[in-house]
Structure formats: structure tokens, C-alpha cells
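If you read the protein sequences in the order shown, they are chains A and B. Heads up: the first sequence is residues 1 to 211, going by my numbering. Heads up: the second sequence is residues 212 to 468, going by my numbering.
Please note that a few of the clues may not be correct.
[Said to hold, decoys possible] Stretch-level coverage of chain A by chain B, calculated; a stretch enters the list once three of its residues show a Cβ under 8 Å from a Cβ in chain B: (1) 44-55; (2) 121-132; (3) 140-146; (4) 194-201.
Because the hints were derived from the structure by calculation, they are not lab data. Yeah, the Cβ is synthetic: ideal placement off N, Cα and C, and Gly gets one too.
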Amino acid sequence: MTKLITVVDYGMGNLRSVSKAAEHVADSQTKIIVSSKPEDIRSADAIIFPGQGAAKACMSALNHTGMIHALHEAAEEKPFLGICMGLQVLMEHSEENDGIECLSFLKGKVKQFDLSGHPELKMPHMGWNQINQTVDHPMWHKIEQDSRFYFVHSYFVEPEDNQFIAGNTTHGQTFASAIAHDNLFAIQAHPEKSADAGLQLLKNFITWNGQ
Amino acid sequence: MGLAKRIIPCLDVDNGRVVKGVQFVDIRDAGNPVEVAKRYDEQGADEITFLDITATADNRNTTIHMVEEVASQVFIPLTVGGGIRSVDDVRNMLNAGADKVAINSAAIFNPAFVQEACQTFGSQCIVVAIDAKKVSLKGEENKWEIFTHGGRKETGIDAVEWATKMERLGAGEILLTSMDRDGTKIGFDLELTRTIADSVNVPVIASGGVGELDHLVKGVTEGHAEAVLAASIFHFGQHTIQEAKQAMTDNGIEVRL
Chain A
1 MTKLITVVDY GMGNLRSVSK AAEHVADSQT KIIVSSKPED IRSADAIIFP GQGAAKACMS
61 ALNHTGMIHA LHEAAEEKPF LGICMGLQVL MEHSEENDGI ECLSFLKGKV KQFDLSGHPE
121 LKMPHMGWNQ INQTVDHPMW HKIEQDSRFY FVHSYFVEPE DNQFIAGNTT HGQTFASAIA
181 HDNLFAIQAH PEKSADAGLQ LLKNFITWNG Q
Chain B
212 MGLAKRIIPC LDVDNGRVVK GVQFVDIRDA GNPVEVAKRY DEQGADEITF LDITATADNR
272 NTTIHMVEEV ASQVFIPLTV GGGIRSVDDV RNMLNAGADK VAINSAAIFN PAFVQEACQT
332 FGSQCIVVAI DAKKVSLKGE ENKWEIFTHG GRKETGIDAV EWATKMERLG AGEILLTSMD
392 RDGTKIGFDL ELTRTIADSV NVPVIASGGV GELDHLVKGV TEGHAEAVLA ASIFHFGQHT
452 IQEAKQAMTD NGIEVRL
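Could you build all of it, start to finish, from the sequences and the hints given here?
This is how it looks when you write it as C-alpha cells:
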């Protein structure tokens, strides 16, 4: 049976990069589409939720699409992969743009880096950094501990409950770079731009049943 | 452990083809951007930068197709610079699969364009490319100014002031080329690199003058660059990216191996 994966298009992501990378590792039984229609979220077997840019612009774009309800349902029941801003907007609230309410699919907030005491560190946190896997998870299958992934961001998520943290990364301070909760997995880095480690993570997502 | 310093090979492209010669030993078609990009990806390049030197608007569509093709087969960040003049240019490149675009002369003619591009697409994908040349005389305090047209045309703009202004307008990264050193193979202008890198909070990519691996190392240790960009030492098989990373590691610099 063909598996349908929908890459959610709300005008704020490097969708082509994400879908191309997923297609690159997908088997012949997997179909990947890019869509902004709620019905394509409902009919999908799994959801990839990318995102880039500012939180406010992302939330405003999402609010205009009429997809939020379908996304909420999907995040409750289907394998769901959030990437970069697609991780941050899952939380309740972000400090970005003087404060912005997010989707609240997960309890927690999005905070700005505090690099005081680290004059040598740059912002955005841009480049290849390590993810320390803090839990055993199917999404980490065949990915070496402390593998490097490509990051570009200036804010990070802080879940209310530490048990949702699946990976940590350090840039002046240690932050949650991956979140896992039931059928939901979300990562701050860009797997679609993280060479072999990133492609393996996408491959893991395609085969993951969400448990 | 933390963020790795990046090594970025830079390719000049004209009409969708890599030019100025890239000569790997065992590559079928050295002008094919996909093959060249794949090879650098296999060697462990952290990003790839394409500098589009295409002269006509017609051929620019060829560049867009080229980016599409590379982005569907190479899964590391791609930056495209050269001839980016409007929000539409930025959008076209990002839609084609570029992760970042580098804005150079258009920023000088219209600084508000940088701000507009950052507000529309986010700072993470906007690199401002700065071509700087030393204008102070020997014995005077160091001073660099911005030049356009490949270093031939002066603008009278101070490089440090310009870099901080670009950061303020939202640039997520600065690609800094020393026009005094470009093509000389005698190493980066380390004073320039360090002065700019220490004046801004965003990452600075050092460029211009790399002739040996030690130059890359010094770009980080003495120039305080977050990333180092080079062309010819990689293109002609003089060194591989792995060798460059080994040299960085040997000097205590954290890289992605």
C-alpha cells in the first residue's frame, strides 16, 4: 500500500529542499506531496511540518490557511515531524517579535539565546552543531550519538516537561534541539540540509509508525 | 563541544555551468555543477556557494534551473550570489532550492532592499557580500572601504560602518572579501577579517586570497571568522576539503568531520 506524506505548505519554508530530500530517501511505496490543503493533511499517513523565518510571520501565515484544525488533529494521531520553525510554533508562546502566541500543541515556550558571557559566539546560531541524543527513539535509528546537524536560528524551545526532550545541543547554553512526544517528533536543525545524518533522520521518519 | 567552523568551496557559474575550471582527477565533466557540488559534498564541504557571473537576464533562468538540479541531489546548504537585485530574485533562488542568497552591489545602491529581503524571507537566508579594499596608507590607522565592479569602483563607504549597518538592517551573515587579496594566494587580509568579525554579532565568512591550508586556519584563529571560503585550492586538486578539515583539527579548531 502506498504511504502518503504531506509536506505542509504555508508559504514559510524551504519546502522544495524538504520534499526533495524526503523523495531522495523514500522507497517506491512512499508518495510525497507539498500541499496547503486541509484535506491533504487529513488524507496523509504522515506529516512533515517545516518552517523558516520569523514566528509572527509563520503564525500569521498559518492563521490564514485554515489548516490549523487539520494540523492539530494530525499532531494528535499521525507521525508528525516538525522542522526548525515547525518545531517552535508547536509550543504555546514565543518571545520573538515582542511575544507571539503559537499553536500550543506542546506545553512550553520559545526563548531567545542569552549569550552574555560569550562574546565569541555569534547569532544566529548558524552552522553544524552536535545533537546529543537523550532518549532512545526510532527517529535516531542509525544516527550516531552526537552527530552534527545544520542549524540556523536565534530562538530555541523550552518544553515545560523535560521528559519530552529527545536531544540537546550547546551554543553558549544547552537547549532542547529535538522533542519527542508520542507520535510527534520535532527538530530545531534542518535534516534536509544535514547531509547523511539528516537524510537518515528523514528515512527514519518515512518508516516510523509513530510509536 | 559546540558549533563547528565551516569550510565553504566557492564556484563561479556562467549560464548554468561551472567556469574558471574545476579539475578533479576523476570527474567526467568538470563544468557540471551537480557533479562538482556532489564531489564537494562527498569530501565533507559544510556548504557550497555559487557565484553567478551570468551577464544577461535570459541566462539567469538557466542559473535557477541549475540551482534546482543541484538542490535535488546535494543535501547541504547552498548559497547563491551574483545579480540578486530584487525581492523577486531572492524568491526565485529560494524557491529553486537555495538556502541563502548573497546580496552585494544592490545593497549599496539600495540598502533598504536588504531590510525588505530580511523582513520578507528572514535574516537566516540573507547574506550580505562585502568587497573591501584597504585605503589607509602605511603608518596610518587601518581603514578599509567598500568597492564595487570587482574592486574597480570606489564608493567611499567605510567597511566597518557598512558591516554594522548591514547587521542592523537584518543581514544574517556577512561574506567578506578582501579585494587586495582576491586571487593572490597569499592569504586572507586577517586584520580586515578580524576587525569586521569583532564589530558584528553575526557570522563572518572570510574570503579572498587563500593559497594554502594554513591560510584557512589563520582565517579562524587570527581573523576570528566563523567560516572560510576558498576556490582554487580545492578546484585544482591541490587540496581536498578533508585535508583542510584535518589542518583545522590539528590546530585545535572544531570542524565537522
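| query | Which of the stated hints cannot be reconciled with the structure, identified by number in ascending sequence? | reply | 3
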